[in-house]
Amino acid sequence: MISQFFVLSQRGDNIVFRDYRGEVQKGSAEIFFRKVKFWKGDEGEDAPPVFNADGVNYVHVKVAGLLFVATTRVNVSPSLVLELLQRIARVIKDYLGVLNEDSLRKNFVLVYELLDEVIDFGYPQTTSTEVLKSYIFNEPIEVEAARLPPLGPAAMFMQGTKRMPGTAVTKSVVANEPGGRKREEIFVDIIEKISVTFSSSGYILTSEIDGTIQMKSYLTGNPEIRLALNEDLIIGRNGSSVYDYRNSAGAGAVILDDCNFHESVHLDNFDLDRTLMLVPTDGEFSVMNYRMTQEFKPPFRVNALIEEAGSLKAEVILKIRADFAPSITANTISVHMPLPKYTTRVSFELEPGAVGNTTDFKEASKKLEWGLKKAFFFFCSLSLSFFLLLWHIHNIQIVGGSEHTLRAKLTFSQESHANITKEAGPVSMTFTIPMYNASRLQVRYLQIAKKSRTYNPYRWVRYVTQANSYVARI
Amino acid sequence: MAPPVQSSRSPSPSPSQPSGKSEVSDLKLQLRNLAGSRAPGTDDSKRELFKKVISYMTIGVDVSSLFSEMVMCSATSDVVLKKMCYLYVGNYAKGNPDLALLTINFLQKDCRDEDPMIRGLALRSLCTLRVANLVEYLVGPLGSGLKDSSGYVRMVASIGVLKLYHISAAVCIDSDFPSMLKALFLNDTDAQVVANCLSSLQEIWTLEANTSEEAVREKEALLSKPVIYHLLNRIKAFSEWAQCLVLDLASKYVPSDSNEIFDIMNLLEDRLQHANGAVVLATIKVFLHLTLSMNDVHQQVYERIKAPLLTLVSTGSPEQSYAVLSHLHLLVMRAPILFSSDYKHFYCQYNEPSYVKKLKLEMLTAVANESNTYEIVTELCEYAANVDVPIARESIRAVGKIALQQYDVNAIVDRLLQFLEMEKDYVTAETLVLVKDLLRKYPQWSHDCIAVVGNISSKNVQEPKAKAALIWMLGEYSQDMLDAPYILESLVDNWDDEHSAEVRLHLLTAVLKCFFRRPPETQKALGAALAAGLADSHQDVHDRALFYYRLLQYDVSLAERVVDPPKQAVSVFADTQSSEIKDRIFDEFNSLSILYQKPSYMFTDKEHRGPFEFSEELGSLSVGEESADNVIQSRRFEASDNDLLLSTTEKEENKVPSNNGSAYSAPDFDVSSASLVAMPGHSESAVSIINLPTHAPESSSGIDDLLGLGLPATIPSPPPLKLNAKPVLDPGTFQRKWGQLPISLSQEESLSPHGTAALTTPQVLLRHMQSHSIQCIASGGQAPNFKFFFFAQKADDTAAFFLVECLINTSSAKAQIKIKADDGSASAAFSALFRSALSALGMS
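Heads up: the sequence lines are chains R and Y, in that order. Read in full-length UniProt numbering, the first sequence has 247 at position 247, and its numbers run on one by one without any break. Read in full-length UniProt numbering, the second sequence has 682 at position 682, and its numbers run on one by one without any break.
Hints were generated in silico from the structure; no laboratory data involved. Keep in mind the model is a prediction, meaning the values are calculated, not measured. Certain hints may be false.
Quick list of in silico lysine-lysine cross-link-like pairs, DSSO-like style, CA-CA up to 30 Å [as the list claims (entries may be wrong)]:
(1) Y:441 to Y:401
(2) R:40 to Y:358
(3) Y:598 to R:37
(4) Y:147 to Y:52
(5) Y:459 to R:313
(6) Y:28 to R:106
(7) Y:818 to Y:598
(8) R:40 to R:341
(9) Y:219 to Y:236
(10) Y:424 to R:40
(11) R:26 to Y:147
(12) Y:401 to Y:459
(13) R:40 to Y:598
(14) R:26 to Y:52
(15) R:62 to Y:51
(16) Y:182 to Y:236
(17) R:319 to R:193
(18) Y:252 to Y:818
(19) Y:401 to Y:358
(20) Y:94 to Y:51
(21) R:133 to Y:51
(22) Y:441 to Y:567
(23) R:341 to Y:358
(24) R:35 to Y:582
(25) Y:236 to Y:51
(26) R:451 to Y:459
Let the hints inform the model, and build the full structure from the sequences given.
Here's what the structure looks like:
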């Protein structure tokens with residue numbers, strides 16, 4: 001039983017506040033915000049998503065920079081409340097098209113309308129975007145999506161590739177196209193997050209892929225959909241030792257450790273031919289989530305080396321090799337590496353042979369910028385307050401098969417006594433690779449039950465891979 | 001178009017109040033103008049005004065003064081306007097009960113609207129008014145709402161009954177709404193109506209159960225086989241949230257045989273594949289609770305739920321995965337062996353929040369065994385060099401804990417010693433504390449460790465705990481460390497600069513120990529330390545210095561036996577949580593208790609304990625019928641039984657440090673009862689020191705040595721125990737005693753088959769024990785779990801009571817007995833008596 005629900009902006013302003021049971025005092029939003037902001041002064045730890053203050057339990061999730069909070073005095077199921085908060089955020093996004101502070105402020109009356117139906121006296125009622133449609137009367141006021149920073153996993157399609165209409169996924173389920181007619185289309189996104197840990201010798205210590213098949217349907221009349229996956233897909237490994245690499249043949253079947261499905265999915269034929277049948281409801285939802293620890297080829301090889309070069313100097317060499325087809329490009333890549341605390345100066349040097357470089361050391365910002373003329377602009381910086389080496393590769397895309405090296409010379413203020421490798425690293429990397437998936441899970445076809453001969457809705461099947469925890473130890 | 005919630009506005013209403021006020025009066029004027037208008041476009045202008053009002057309400061500006069204007073404007077057919085008006089009215093009606101009356105009229109009218117949605121909306125708003133004197137207007141619309149042809153209206157009405165109950169329980173019960181709900185619950189075709197009826201009924205009957213016998217029966221009826229099967233068979237018809245509700249109810253159901261258990265599990269098997277984590281966890285709870293008494297199946301359940309849980313952990317949002325991981329953490333802690341091959345899943349990722357990392361470190365520690373320790377410790381050592389200092393510290397502690405679990409100690413000690421060479425202050429500090437603990441358990445490693453520890457300059461160690469550990473080692477191994485007396489001497493010289501009393505206490509003891517081993521070199525330091533200690537402003541330090549001084553004056557060799565006796569290695573370090581608390585947390589699976597790692601009674605007040613409450617069991621504890629002559633007021637006892645439980649646990653937790661200390665000299669040496677009994681002949685000061693651990697548990701490690709009195713606990717065999725046949729003890733005193741006394745005996749006892757067969761209701765055991773002069777003060781539970789509190793009184797000493805907590809599980813034929821006694825020396829005799837009485841159950 002939820003007592004109150006509210007949404008706070010990053011600054012702690014109430015954007016929406018709904019009291020369902022009147023059991024918790026009115027100032028709870030302020031108490032909550034103060035708690036979260038100043039969670040235990042020691043070392044700036046994050047507040048956990050669930051905590052108790054004076055007998056009130058505060059449960060919150062962060063979505064699009066906003067805090068979705070529920071309070072209760074009852075010993076509820078935390079998963080239920082967290083799932084519900086996440087779902088409320090998603091339903092709001094379905095209606096508003098874009099979920100952010102601006103759109104929420106413009107449409108708060110509609111949000112109240114939704115909240116009235118989603119929760120009654122603290123008990124969840126319905127969170128189905130489709131069912132809710134018949135109870136919602138406010139028209140969403142659209143927010144210009146282009147000016148806004150991209151949000152959510154679907155937003156990654158807005159950069160890099162021109163094949164997708166960027167605004168398609170940011171339109172409301174209730175809004176109409178300018179032409180007055182709704183465009184019949186369906187989006188199926190295979191989003192994979194990969195975690196890899198390389199040992200100092202480049203050997204893979206752990207690897208895991210967490211994937212989800214996300215669907216967003218704008219089809220009218222609820223046609224049935226068949227989604228076919230790899231025929232040789234295997235689910236569940238025999239025996240509990242999931243980290244047994246010997247059994248996995250390189251190019252063989254895709255083996256998932258485990259997966260779960262959305263409620264609307266019928267699995268009648270799944271064991272037979274790996275087809276999922278469903279009648280997609282309106283709005284965005286995960287058809288299937290899966291987890292894989294089978295050996296796979298990591299998209300990037302990362303090598304990091306730190307060597308002492310004299311008493312107060314050391315050299316760092318970072319090497320990145322893209323291990324995928326040249327037709328694929330990765331973007332928004334950055335590499336982080338913590339440096340010893342007594343580092344005072346860093347100078348960078350990129351690939352040898354690259355001429356026309358300019359370096360600029362800004363004393364005030366303690367950042368070193370290093371630019372390459374022509375089409376590239378690499379950005380390296382040293383943030384001395386965190387003793388972190390950042391290597392952003394912004395305006396260029398790393399093409400499959402290519403290799404990039406960064407050399408950095410460090411100057412220290414004191415001699416290090418201990419092993420320098422214990423003072424620096426590990427190197428972590430973030431990236432996004434559209435139209436690539438490491439697991440080789442495929443949507444073989446997406447079949448929509450035809451209503452008439454001319455009915456041919458747009459189908460978008462898109463793949464993307466993101467780094468979750470991509471770490472190389474030194 | 002934009003609402004007046006400018007981002008520049010401060011979140012607190014006070015600065016915006018002045019402008020807010022003038023704007024509110026402005027709004028009032030505009031609303032008044034529009035109220036009667038029928039001009040086209042009025043609704044649009046009204047919408048804009050209403051929006052402004054609602055947005056003020058949201059940011060906390062008081063707009064209650066607009067109440068009558070809002071009501072006047074609400075005569076409209078525009079649904080959006082209606083909804084905004086209802087929202088406003090719901091928010092302010094409580095504070096303006098007189099004005100709320102104005103709204104009744106149009107709400108009642110809307111309740112009879114043609115459109116089911118308007119009917120539903122109006123009914124919901126009517127029920128949210130929360131004004132006690134308006135309930136009479138509620139009964140009619142609610143009654144017809146429950147019978148409405150539209151599922152939407154019935155859905156609203158079924159929750160509306162609960163709202164009415166919270167405004168006026170008497171009106172709700174008198175209008176017979178619960179039985180109408182019950183009828184809907186069993187017959188309605190709309191799944192959400194059924195779910196809402198269930199929510200309402202559960203809440204109403206739980207609250208009513210305190211006063212009404214009927215409500216207790218009704219509540220139990222919800223758990224009857226037909227109801228549970230009716231709901232489970234159509235589980236897929238419910239929304240995912242309603243499924244959670246049904247599954248939670250099912251987890252309390254007690255099936256009659258194992259076939260039923262398997263049927264239910266087969267039926268719910270596919271729920272484990274649900275993408276909603278709340279459904280999966282609720283299903284797991286059902287599985288775990290159903291199989292609790294079937295050991296091997298229970299274990300299979302663990303194997304089955306592992307993969308779904310891991311999937312939820314890795315695919316959800318960070319918040320969701322934290323909630324699931326906490327549950328996984330609980331299961332890992334209960335059965336680490338079952339997860340020992342999954343340890344790689346518990347490796348930390350660099351971008352995880354620290355609350356997740358902490359859980360994972362604990363899990364890694366728990367699953368370590370012969371085969372995976374090397375890899376786990378290697379991984380942990382990586383974290384120890386981490387930039388995240390709190391996690392680095394936790395990682396080092398984890399390494400130490402694994403070493404104490406006895407796997408691969410050799411390699412771990414090497415690594416710990418390598419930590420000391422890293423020369424990071426916090427790493428050194430954590431490692432020193434660990435090396436100290438390791439040496440207490442594995443004295444054979446002293447040689448290797450001391451060589452490294454000896455090289456650490458005490459000047460580089462600042463943290464009190466670490467410094468205390470270093471000083472302890474200096475004292476304990478002073479014969480092996482060449483410099484020990486001189487290092488200690490320099491520390492004594494800087495006595496005034498040492499701010500931590502803990503460190504000063506340790507310094508006193510260490511200097512004295514060093515003195516016994518190397519007297520000529522330490523004499524000077526000892527003198528200085530005792531002088532400084534006697535002048536110390538801290539009471540404990542002063543007392544210890546004085547005690548040492550007098551002890552040395554009295555008899556040096558006795559002092560050595562007291563302060564520096566030969567020691568045995570510690571075999572087990574005490575757990576921080578009692579198993580009773582852990583079990584209770586497990587009972588509350590899929591609730592906040594798991595995240596807080598506390599049972600619910602520690603963080604909620606009684607009325608909000610929710611559907612998971614343990615107090616349900618306790619709430620039904622009834623006072624033993626036969627002991628009516630004991631002047632027991634049952635209500636009073638019921639109200640306090642939670643405190644009783646609370647104080648029990650606290651007591652146990654407080655006891656931990658002292659147990660820890662005693663284990664050092666002699667495992668299983670019971671401080672609380674035996675040491676006092678064994679010491680009566682000794683001097684006053686000695687006895688006061690023996691008492692110390694209970695007074696100052698925080699300085700426990702310093703007292704280790706003091707408890708190391710090699711005195712055997714010879715208790716003269718007690719005279720045959722006679723019990724008073726008619727003891728008198730009122731519940732208040734019982735509770736107080738239970739809270740104050742330490743547990744003198746705790747054991748598990750098997751019951752005879754005829755005993756378990758006879759034990760169908762708590763009353764059976766009550767009468768039986770009474771024939772053995774043991775009275776029951778409270779009892780409760782349902783088969784197979786019963787809980788009793790007994791007491792007895794010595795025949796020859798009216799001040800000596802025995803208190804017993806007895807938990808019986810008839811399906812496993814086990815009884816857990818905890819005995820507390822005023823006279824600890826007689827507790828063994830009493831225990832024998834109690835057990836023989838218990839085993840005689842069912843024989844006569």
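These are the hints, each one checked on the structure:
1. Y:441 to Y:401: It holds: about 11 Å lies between the C-alpha atoms, which stays within 30 Å.
2. R:40 to Y:358: Measuring from Cα to Cα gives roughly 15 Å; hence the hint holds.
3. Y:598 to R:37: With a Cα-Cα distance of about 24 Å, the restraint between residue 598 (chain Y) and residue 37 (chain R) holds, given a limit of 30 Å.
4. Y:147 to Y:52: violated, 37 Å
5. Y:459 to R:313: holds, 29 Å
6. Y:28 to R:106: Distance of about 23 Å is within 30 Å: holds.
7. Y:818 to Y:598: holds, 22 Å
8. R:40 to R:341: Answer holds: residue 40 (chain R) to residue 341 (chain R) is near 24 Å, not above 30 Å.
9. Y:219 to Y:236: holds, 24 Å
10. Y:424 to R:40: Status holds; Cα separation ~24 Å.
11. R:26 to Y:147: Distance ~36 Å between residue 26 (chain R) and residue 147 (chain Y) Cα, so the pair is violated.
12. Y:401 to Y:459: holds, 27 Å
13. R:40 to Y:598: holds, 20 Å
14. R:26 to Y:52: Answer holds: residue 26 (chain R) to residue 52 (chain Y) is near 20 Å, not above 30 Å.
15. R:62 to Y:51: With Cα atoms ~26 Å apart, residue 62 (chain R) and residue 51 (chain Y) stay inside 30 Å; holds.
16. Y:182 to Y:236: This hinted pair holds, its Cα atoms lying about 21 Å apart.
17. R:319 to R:193: Given that 30 Å is the threshold and the Cα spacing comes to 22 Å, the pair holds.
18. Y:252 to Y:818: holds, 27 Å
19. Y:401 to Y:358: holds, 14 Å
20. Y:94 to Y:51: holds, 21 Å
21. R:133 to Y:51: holds, 21 Å
22. Y:441 to Y:567: Distance of about 11 Å is within 30 Å: holds.
23. R:341 to Y:358: It holds: about 24 Å lies between the C-alpha atoms, which stays within 30 Å.
24. R:35 to Y:582: OK: residue 35 (chain R) and residue 582 (chain Y) at ~28 Å, within 30 Å.
25. Y:236 to Y:51: Cα-Cα ~40 Å, so violated.
26. R:451 to Y:459: Not satisfied, since the Cα-Cα distance of roughly 83 Å exceeds 30 Å.
Figure legend: structure checked against the earlier numbered hints; hints not met, in rising order: 4, 11, 25 and 26.
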